[in-house]
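Asks: Each chain, letter by letter, is given below.
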Amino acid sequence: MKISIPVDNNSMESNVCASFGRAPFFLVYDTETKEAAFVENTAASGTGGAGIRAAQIIADQGVSALLTPRCGQNAADVFRSADIKLYRTNTDSLKDNIEAFIKGELPLLEDFHAGFHGRNRGM
Amino acid sequence: MPDFMEETAECNMKIAVLSGKGGTGKTLVSVNLAAVAGHSTYIDCDVEEPNGHLFFKPAIAREELITVKIPQVDEKQCVGCRACVHFCNYNALAYVNNRLIIFDDVCHSCGGCVLVCPESALSESDKAIGKIEIGVAGEVNVYTGILNTGEATGIPIINRLLEEGSAEGRVPIFIDCPPGSACIVMESIKDADYCVLVAEPTLFGAHNLNMVYELVKLFDKPTGVVLNKCMNEKNPVEEFCLDKSLEILGRIPFDHELASLNSNAEIVVNKNEKYRELFSDLLETIVDRVERESASHEPNRVHEATAGDQERHRVELEQVCGEKVYGKVTADDQEDHRMELEQVCGEKVYGKVIADDQEGHNAEQEKASGINDFDEPDEHCIEREGANSEQGYASNEMEGGAE
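Sequence order for the protein chains is D and B. The first sequence begins at 10 in the working numbering and counts up by one. The second sequence begins at 5 in the working numbering and counts up by one.
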């Protein structure tokens with residue numbers, strides 16, 4: 010099963026990134042083959058709608074699950090359409106979260122923040 | 005309508021009232037100025053929280069829904085090429101599971117996705133973002149913009165408001181702007197003839213005033229400041245105005261009765277003669293400044309002169325007076341040249357004196373007198389040298405042009 014996690018650096022020693030849409034990289038990890046690849050998040054520097062674009066990038070990787078500390082409503086809409094399940098990470102460590110996910114210890118992420126989505130004044 | 009307004013009915017009188025933060029008194033100032041002006045227009049551009057109508061309580065004559073265009077997809081036509089997804093700078097579209105998803109809230113209504121779709125699968129549909137209300141309260145036409153909660157931008161509403169509010173030409177027009185200095189404020193002031201900045205007598209007041217000051221400077225708008233909630237103590241805003249050479253148009257006292265009336269959505273000029281006098285004086289000052297600005301094409305602009313500006317003015321002035329100008333060019337220099345030019349041509353000269361004016365007047369003078377007054381240009385030049393003379397300049401021109 011392929012999963013993805015937003016990360017601060019493109020290394021397995023990296024921490025989970027606190028942001029989803031603005032994370033610099035995404036780890037794409039195959040839980041069966043242990044194969045790991047880092048995908049650059051080209052949405053991170055965008056002016057708006059980063060969550061939507063980031064979700065598009067993840068969806069295009071053909072993953073089945075995203076492990077993330079938080080997620081905005083628009084990105085969550087993309088994931089729902091793409092049948093990608095969201096799980097909430099429980100520590101900063103990338104490796105610990107992968108292990109916890111494999112053991113079935115991570116809860117589903119079900120509350121999404123509204124985000125700004127261009128609603129900040131004067132846009 | 006006060007007496008001093010009568011002669012000005014024809015000229016452009018769009019007066020924007022701004023402040024760097026909410027609650028400084030923009031609505032107090034603009035509502036009461038409109039009320040004291042009588043025959044006038046009040047436009048509430050604070051579309052996120054319009055409240056001028058609470059004071060005027062206008063009878064609503066007309067409402068208009070304001071819509072923006074957003075894309076919609078015909079799924080039968082869409083082949084999943086993603087041209088639209090890649091085009092959108094705001095990432096308002098995504099394509100997953102063989103389906104296009106459109107995020108209306110993120111869309112900025114540019115229409116680009118519809119243009120780039122090779123299959124013509126996208127079309128535009130209207131989405132309401134708010135409305136404008138046009139009403140009447142006595143002699144004041146009241147225009148109110150209302151943005152629906154959660155919408156990205158009120159700019160389409162403001163554009164429509166300003167268009168409608170200006171169409172009837174019921175001047176003066178008072179534009180009650182949104183607080184701050186963002187895009188929505190820029191849209192509100194872009195056609196204004198004059199900007200009134202309202203500020204509170206606090207450090208925050210001075211800081212926020214600086215933000216709007218920077219904005220009007222950017223737009224090169226003539227501007228003045230109204231100090232609100234004034235008390236008999238040190239006012240950091242006064243210092244700011246002094247520092248930036250900003251004119252203080254008027255002072256509204258920190259006054260319990262005024263605050264209480266205003267909090268009860270009363271128009272204070274209708275409740276107490278002393279407030280009518282206060283706002284009447286303020287209106288008179290503002291009208292005078294706007295007239296001065298429209299009479300002169302060189303407004304008393306708020307930007308500090310840069311070295312580049314100085315150089316430009318020097319070149320212009322040299323063209324006018326036909327001789328080298330040294331040192332700093334000041335407004336007084338312009339004034340001197342205007343007076344000289346008036347003497348030469350025997351009529352009032354308005355606006356900035358430019359080289360073309362000189363040329364035009366020379367031609368007129370020649371026609372009227374039938375002779376070339378300057379047939380000995382060299383002598384004239386020598387005679388007038390150093391006197392900064394318009395005739396000297398005219399002679400120089402003749403030297404090159406008449407033969």
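Everything labelled a hint here was simulated from the structure, so no lab data went into it. Given the structure is predicted, the values throughout are model-derived calculations rather than measurements. Treat the hints with care, since some could be wrong.
Far from chain B by the CB rule (all over 10 Å, computed), these chain D residues [stated by the list, open to error]:
(1) Met21
(2) Phe34
(3) Val37
(4) Asp39
(5) Thr42
(6) Ala59
(7) Arg62
(8) Ala68
(9) Asn83
(10) Val87
(11) Asp92
(12) Lys94
(13) Arg97
(14) Asn99
(15) Ile111
(16) Lys112
Ranges of calculated distance between the beta carbons of each label pair, as one might list FRET restraints [to be verified]:
(17) D:Asp17 x B:Gln81: 38 to 44 Å
(18) D:Glu114 x B:Leu119: 45 to 51 Å
(19) B:Asn163 x D:Thr42: 35 to 41 Å
(20) B:Asn93 x D:Glu119: 27 to 33 Å
(21) D:Gly113 x B:Ser267: 58 to 64 Å
(22) D:Lys104 x B:Lys221: 39 to 45 Å
(23) B:Asn55 x D:Lys104: 54 to 60 Å
(24) D:Glu119 x B:Leu119: 35 to 41 Å
(25) D:Glu119 x B:Lys275: 52 to 58 Å
Glycine included, C-beta positions come from ideal geometry on N, C-alpha and C.
Asks: Each hint needs a verdict: does it hold in this structure or not?
Replies: Now the hints, each set against the structure:
1. Met21: At roughly 28 Å from the nearest Cβ of chain B, Met21 (chain D) sits farther out than 10 Å, so the non-interface label holds.
2. Phe34: holds, 18 Å
3. Val37: holds, 16 Å
4. Asp39: With a cut-off of 10 Å, Asp39 (chain D) remains clear of chain B, as the shortest Cβ separation is near 20 Å.
5. Thr42: holds, 24 Å
6. Ala59: violated, 7 Å
7. Arg62: At roughly 4 Å from the nearest Cβ of chain B, Arg62 (chain D) sits no farther out than 10 Å, so the non-interface label is violated.
8. Ala68: violated, 4 Å
9. Asn83: violated, 6 Å
10. Val87: violated, 5 Å
11. Asp92: Nearest chain B Cβ is 7 Å from Asp92 (chain D), so the label is violated.
12. Lys94: holds, 14 Å
13. Arg97: Holds, because the least Cβ-Cβ distance between Arg97 (chain D) and chain B comes to about 22 Å, which exceeds 10 Å.
14. Asn99: At about 27 Å from chain B, Asn99 (chain D) clears the 10 Å cut-off, so the statement holds.
15. Ile111: It holds; Ile111 (chain D) is separated from chain B by about 25 Å at its closest Cβ, greater than 10 Å.
16. Lys112: holds, 29 Å
17. D:Asp17 x B:Gln81: 38 to 44 Å: With Cβ atoms ~42 Å apart, the hint holds.
18. D:Glu114 x B:Leu119: 45 to 51 Å: holds, 49 Å
19. B:Asn163 x D:Thr42: 35 to 41 Å: violated, 57 Å
20. B:Asn93 x D:Glu119: 27 to 33 Å: Given about 31 Å between the Cβ atoms, the range holds.
21. D:Gly113 x B:Ser267: 58 to 64 Å: The hint (58 to 64 Å, Cβ to Cβ) holds, given that Gly113 (chain D) and Ser267 (chain B) are roughly 60 Å apart.
22. D:Lys104 x B:Lys221: 39 to 45 Å: Hint violated: Cβ distance 54 Å, outside 39 to 45 Å.
23. B:Asn55 x D:Lys104: 54 to 60 Å: holds, 56 Å
24. D:Glu119 x B:Leu119: 35 to 41 Å: holds, 39 Å
25. D:Glu119 x B:Lys275: 52 to 58 Å: holds, 55 Å
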